[in-house]
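K.L.:
Listed below are the residues making up each chain.
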Amino acid sequence: MGSYPVPLIVPQEVPNDETVTLSQWLVEDGAKVAKGQPVASLIFSKLNLEIEAPADGYMFQLSPAPREVRVSSSIALVNNTEDRPAQPQLAEQPKIEGGAEFTKKAEALLHEHGVSRDAFAGMQIVRERDVLAYIEQSRENADAPKVTPLSKAQLLTAKALSLSAATIPHSFVSLNVLESELASKLSDLIDMYDAAITLTDMLVHATARAAREHPKFVSTFKDDGLILHEEVNVGVAMNLPDGSLVVPVVQNADTQSPLEIASFSRGSYKRLLKQQLKPSALMGGTITVTTLTGTGVTQILPIIVPGQSCIVAMADPFAGIYTLTLGFDHRIVNGLDAARFLVSIKGNLLGA
Amino acid sequence: MLSPTQERVAQIIAEVLSLSPEDAASLRQLEGYKKLAAWTSARHVEIIVAIEEEFQVEIDDASILRLKDVASIAEYVDTHGR
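Note that the protein sequences, when read in sequence, are chains X and E. Sequence positions in the first sequence follow my numbering and run 6 to 357. Sequence positions in the second sequence follow my numbering and run 25 to 106.
Hint data in this document are derived by calculation from the structure and do not stem from the laboratory. We put the beta carbon where it would ideally sit given N, CA and C, even for glycine. Nothing false has been slipped in among the hints.
These stretches of chain X come out as covered by chain E in the derived footprint (C-beta under 8 Å, 3 or more residues):
(1) 194-200
(2) 258-269
(3) 274-281
Here are the computed distance ranges between Cβ atoms for each label pair:
(4) Ser42(E) x Val152(X): 26 to 36 Å
(5) Glu46(E) x Pro150(X): 40 to 50 Å
(6) Asp84(E) x Pro246(X): 17 to 27 Å
Computed, partial: chain E to chain X, Cβ under 7 Å:
(7) Thr64
(8) Ser65
(9) His68
(10) Val69
(11) Val73
(12) Asp85
(13) Ala86
(14) Ile88
(15) Leu89
(16) Arg90
(17) Lys92
So here's chain X without its partners, still in its complex pose (with noise of 0.2 Å):
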């Protein structure tokens, strides 16, 4: 059986009336509709009335309900069959040249508060109301907060952070160590190999060698158990200029000596500042050592990396005293065993 759509015209009820409001459909889309039923209510200026169906048949509305509508425009199609009858049928729509209207006073609104007339790109008829609302809704937008896009490198920082605490219960432990006995050792350290060995590559070559001593505290929990790993793969925690945080990992570091971690640790950093890191020196961590040396706060109590099963974090001293900190996933170990193992890396830091 063919398509024979039949339109439902707005009438003109009000001799000056350009435009009614369409208030209401009484029908559903696609509703099997009768001749002179009701179908759907408009408001003119002076009444209020119900238009009939102007067929039997099946009618799709073309356009929803509060809206605005011109007179003598098609809102609806009444087709012979249950099938929406096809798009062109639309272009039987009385068209608006040029876009949406605009009626003397939302003219004078639109050049008194200088917004554009795309605003209302889709609308067939503009009101004072219309360009009113308009405005109320940009100040409210104005008012709400701006948000500022975070760097793709903080993004992937987010998501292991968030991760790490929705899912590792943190615990920690601290010691002191004094700055005199660290930095003789330090000072040792760097005449021994003519080289700028810091703190940090002092506190990666401690932690990886007390590590191997301390299986547990390079795994990956398990609902069932651990996942004790071979190698003692230490992540170095570095900040960017820009504030970003970058953990590029010594692979192996318990085999290392400082100088090689210190040479790693420089050669990563200079590789970040131009650029030029490859992905692979980011993988394979078991452990993290995190330090906010140089920057006047005393102590941190870092967010372990998912995966893992702790991280050693030192700042500056205070009082001539720096402050060892181990955070550690209470599932894995207790505090008598994270004691433990911090004590051991103390001890490698004073005495290797």
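Chain X is already provided as a structure; the job is to place chain E on it using the hints.
P.N.:
Here is chain E on its own, set in the frame of chain X:
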């Protein structure tokens, strides 16, 4: 008396570390990494990158650690620079 390379290296270090005139003067006495608090490991690498760019030279990882003062950096540049 500093060589032209040493003079330029000292200038670059003073710029990267934002040194006071007194500290900048100490650089000229060829003191370096171990003497200046501002000369941290991160700043050390920033100095290295600035030197690489200024003198069009690539400094290998092992050498980064040993270039701790104006004299050693200038010597490296004179030896390896273009």
